[in-house]
Amino acid sequence: MVSLRCCLATPPPRTALLRALPRRMDRTALGAPCLPGGTRAPSRTPRDASPRAGLLWLRGLWEDPKGRWMGGREPLFGAPPLLGAHGAGRGTTCVRAPESFRESAISLNLSGNAPHVGIVGGVRSLINDASLYSTVAQKKSVHQEESVSTYKKQIDQFDWALTRLDNSVRRTGRITKTLLQDIFHEICRSGNPSSNLALLLLRSCGSLLPELKPSERTEFVHRIWDKLQQLGVVYDISHYNALLKVYLQNEHQFSPTDFLAKMEGANIQPNRVTYQRLIAAYCNKGDIEGASKILGFMKTKDLPVTEIVFSTLVTGHARNGDMQNAENILSVMREAGIEPGPDTYLALLNAYAEKGDIDHVKQTLEMMEKTDNYLMDRDLMQIVFSFSKAGYPQYVSEILERMKFERRYIPDVMNLCLSLVTERLEDVAMQILVSCPKSLLENTQENASNLNNFGNFFLQHCVTMNTPFNKLEEFCEKLKEEKLHVAPLQFTLYCALKAKKTALATDLMKAMKEQKTPIRPHYFWPLLTGHQKDKNIQGIIEIVKRMHELGVNPDAETYGNYVFPAFDNIKSARTVLQENGCPVNDDILFLAELRNEAINGNLERVLSLLVSSTSSIDLSSFRGSLVLGFRRSDDINLWSKITEQLYTDGHYCQAPPGPTEAVGYFLYNLIDSMSDSEVQAKEERLRQYFHQLKKMNIAIPESIYKGIRNRLNSHHVPELIKDVALLVDRQTSGSSKILVENSSDLEQKLENLKTENRPIGDTLKQLILILCSEENMQKALEIKTKYESDMVVGGYAALISLCCRHDNVEDAMNLKQQVERMDSSITLDPGKYIGLVKVLVKHGRLQDAINILKEIKEKDVLLKDRTAFFHILNEAAFLGEVETVKQLHEAIMTLGLAKPSITLCSPLVTLHLEKDDIPAALEATIDCYKKYGVMPRIHEVLCKLIEKGETDLIQKAMDFVSQEQGEMTMLYDLFFAFMQTGNYKEAKKIIETPGIRARPGKLQWFCEKCISNNQVEILEKLVELTQKLFECDRDQMYYNLLTLCKENNDWQRADAIWTKIQEENIIPRQKTLKLLGEILRNNNQDVPFDIPMLWYDNPLEADPQHSIDLPPEAVLKKELMTACQRKKSEDAYAIFLEAQKKNVVFSALVYSTVIKLLLASGSLDEALNVKNIAETHIKGFTLNDAANSLLIITQVRRDYLKDALTTLTTALESHQVPSPLSVTRLVQAFALKGDKENIQVIEKMVHDLQDPIRLSRMLFINNNALAEIKNNNLDAAVEYLESLFTSGPLGTDKQQSSIAYLFRKVIEEQLEPATEKLSIMAERLANQFAIYRPVTDLFLEYLHSGRVDDARALLQRCGAIAEQTPVLLGFLLKNSKIQGQTHVLKSLLEMIPDITANLEVYGFLMRSFGLDSDVASANALYEEMKAKSIKMDNIFLKQYAALLKNAGEPVPFTEPPESFKFYIEQSKKEVQAPS
Amino acid sequence: MAARVPWRSPAVRYLATVFVNRIPWTAAANEVKEYFSQFGTVRRCFLPFEKETGFHKGCCWIGFSSEEELQRTLQQENHFIDGVKVHVQRQKYRR
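Going down the list, the protein sequences come from chains A and B.
Each residue of the first sequence is one higher than the one before, counting from 1 in the numbering used here.
Each residue of the second sequence is one higher than the one before, counting from 1 in the numbering used here.
What the hints contain is simulated information worked out from the structure, not anything from laboratory work.
Each residue gets a CB set at the ideal place from its N, CA and C atoms; glycine is no exception.
Some hints could be false.
Said to hold, decoys possible - Some, not all, of what chain A presents toward chain B, calculated at C-beta under 10 Å:
no.: 1; residue: 497
no.: 2; residue: 522
no.: 3; residue: 523
no.: 4; residue: 527
no.: 5; residue: 562
no.: 6; residue: 620
no.: 7; residue: 633
Using the sequences and the accompanying hints, generate a full structural model.
What follows is the structure, given as structure tokens:
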């Protein structure tokens, strides 16, 4: 395609392109401005213009006092109504654009035409070429799992960022730099930003940051742009357009040519929005030539020229100094068939304002009013800004007079003020603040918590912008005078302190002092902190001096916390302060020093301070510090001396209760502040302390003693209580199954029973039930008549139901009466009653039906399904049975059988709607509201009324709704009715009513209605008309529209929507992009952005709300994966079977997962079934290694050893690596069967794998031997083993040759002869060959199985066992970790006590005691070790302490403070260190 | 009050303690203590300052010597310190 950049580089044609262009353009090129609603129709419909002229009465409601229609337009200062949100905290984005929706309408209607599509198509083919796209896709498939979590993270991150930004904008209309920076840094830190997130960040760098200079904002956006690109964000056209928008908002000077070059370089083709914005960029510079070139280019592309473009041209000419041509644009527009709207006028007004031309501004405004074009506050604020910035603040007041200061524009007002301050126009900002009506400011967000502090944002920003003090003082004065702010000086001071602006803070405090506002020492702390950090003594002295100048005496906190830490010691601090002429209050300095020394545990210094000082400072002012100091010192003598000093020296306890109370309280605090273990550890010291206090004649009140006693008790040191008591101042002192038989057999049986005169009740009932289930009413009734006397209630109930189903009202009622005759208290089940009512109503037996209802009530039948009532009523309503419906409904309500609901009441209205009697329908609706508080079918009623033009009735309806449910509901009801009936103009007027807000629920209801009725036009109109609706969730609106496109498979429309989303500057959510991507892809269109991965590919995601959107396969898959994740094997299998029924095929991964789950829960048959099915669906489906291993284990467990062997064989053949456990289990199973052959088969098969999978080589030896033993070849087994030990590999590597498994098995299986033979063999090996491992193993296995005597005998015969320390220790270690093995450990220790020479044994013992909660043994062990003074390590102590605490016993030592893990790591390190 | 007292256990169990929130920056421990003294004897007033910034975080624990004093405090609907409404509630303990 011809590059626009090249066009721009060549000199433009000499012709006045601009003036010629629109004229040459015919109407089609411009996009049929006469389309219904396409252009902004003159807002006020002429009285005769509409066929529904009668509706004009409505105008009164929606006109504001000045008789102007309101509309929405883009804010200059921030973007207040942007991020509309609804639902549970879910943020939404609809950053609004300046383009009015007229343009959108044109483009939308054009979208079916080729030209527009052409461009985007071009873009795609180019992108498609880019290899980048495909690499991204590739990466995705490779790192599927990884990207799932990455994707989820990205969504979370986007939501997180959006919520934060959204909150800020909703609350204050802006974003602060810190907030944006925070988010940006957080995103950089975590990496992997999504493309949406990038868009969000870029978009935030424009007018949403009014507190930053435009140049800084642009710098910021560039930083973000580059950084995100580095992080791998792939920018698409929406990002470039967003960047352009930010440039425009920041008035950033840039070269459009370079910009296009940059886009070209990135293979991104510009679209219509790009061109529009580039024209605006040229126009802002006054470069008409540049703008013309782009216009010409757009023309060649047949792109529509919209009002936006014309508006920017107005600005362009004006900035070029050519006001004449700027004004002319309006007539050019009209010639082109576009009526200038508010945006165009606003551009013109701003142009006048920039020239200081107040007269023309006023003229234009008046002219606009005459032509029904109105400006909103937000637009007027732009004019204010233009005037001020251009240096004409004198005209601001004239514009302000025209503002209405609506509440919703408060954020705009705030942003205007901030922008003005940024431009150093504080005075104008102040003027605007003051002109805000007071009534407006009450209850605004800013004021929510505290009344009267409006202007904080302004003052804060002034401080940031270094506004001079005298100006600030003036502003504060004014704010206070105007009663806008109670304490402006304090707040300004706060800002100054936060920004550490010392000079300003001092000035402010001086001003406060003059106003007799107290200045407190802590006001200076923020200033001191900075200097303190740098140890800047001069700075600190400076601040302290200022304190004195202001008459504030630094208190002890100031000295202690903020002054002293900068000095080396307190003495030097005192000297420096005095040298610098800072008066030092000795008492306070003393207190500060005392506290600091105490906190540092320097008790000696504390004592000397206390002794030497004459200050009268109360103990309470340094009690906390002293307690800390005591706890940090172990010197009891100092403790006592200090306490004595406090007690006896009157200085410190002068407060009324006196020293007894004060010191007692101090002791209490001391004990209370310590933790249990601390008190326990210091028990002895505390005892000494109390005794010394006693000696010093220190006494405490009894009440405090009691408190201390309680604390000591709860610290588990009751022993100390008696020591404290010394101090007390004495002076103050089953159902069964129905056999399934066929009816004729039963009938025969019944006959027989009857003739034999035996009871027939049960059989009769059974027969009736079977006949009922066969729907054989005739026969059933005959049988009933025949055996009438033997009938039971159950039979009757079934028959009644049957008759109802067969519409046999007579018999049903007869049966009902017969039951009643039998027993009037009998209650049928609810379904039978409802069936009766239904059939009775159908046959017009209203009274009988009502009687049944009464019976339901009387007998208190519990109705579960109340929708049945609706269906009965609705059916009658469609038949037009007025009385039936009314009476029945009345009865249901008065009997209280159901609560009045919209659904239940709607038949009352439907009745009349069906008869086309709309007045009656309205009456019925109103009546329902009066009676039941619901308004059923109001929408349908209104639609009908509008269709019929029943003005008076509409009025009546609206008055009623408005009065009962509020004006807002009324407006929405009317809006939807107009939309539904195609009266878009009227609908538009309503939705533009000032003060109307988005009601997400209502809007969504209507959208869904449109979608289900496939009303594309209405929905499209709705999306268009709500563009400027306050807090409207734009993304959701477009999502709905796209949903409908998807249903109709209308990709052209979807494609046009994508352009509009950018034009409106909306950041679409992932789900919207996904939907759009799907539509395009399904139609073989290329997608101009990176499609977010389908969220349901992610098995972790479980959002049931969205599952409706999914195809059934995906739903099933999701359910299946969820069940697997939750390890619900039965559920998973049921879902799998269901899927199988529906012929749903899953991926191999899913099958494997299900099979693994089933195997893990032991469901072998089910697992195999799944495997078979998977094999039929997926060619070459095989289980993976892990699943096969599980399969083997399960098969072994089921004793399907042959199958297990086959599984192993196939797994090995396909080069899989089975788990060692599966091989072990299989081999062991064969051994127990005595199947030596198969063990050898396996041994051969896994021979190569043995080392890699870490199979114990003893596995085959042990099991071969075991198999021999099982085959009664005892001698062969012994010979086999013995040869391995004496001449085979086992002899050399003694440590690794345990045949413990074999011993254990023969002992367990009680194969006595074998045990004996093996024992002899083991002893022989020990005695003759000095191979002790077998005999030791046997010994330990005896112990393990409780055969202590055998063990002892063996030990006596073979003393060397006691020397096999490593084996014994290993055994102890292993068993110390198993619960209930304490006795085994104990018996081993009893037999071989010397083993305790290895100190780790104590640890094993303590662990075992801990596991078995054996406190007594633990205590004994502890005592024994203490007696032997064996060192106890931290793990040991920790274990012991845990055991004691669990048992609720006191811990007689200080519990090691760190965690188990810490000490274990520590000991590991110690072990490793020496090596 | 010394700011180095560990933050973890700001409330002392034996005192009837209220937790005060949203204290304006202009008030320090003295002001808060003075205000609450009208309801009873304030045995403990813990208003931690952030050493980094020199400002407090707006929350404070006030320990009264008796439950009645605490109740008296809670019975008053609104509390204002330096013209700012503060939020007062009973301190809840874990145990």
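How the hints compare with the structure:
no., hint, result
1, 497, "holds, 7 Å"
2, 522, "holds, 4 Å"
3, 523, "holds, 8 Å"
4, 527, "holds, 7 Å"
5, 562, "holds, 7 Å"
6, 620, "holds, 9 Å"
7, 633, "violated, 16 Å"
The structure is inconsistent with hint 7 alone, although it conforms to all the rest.
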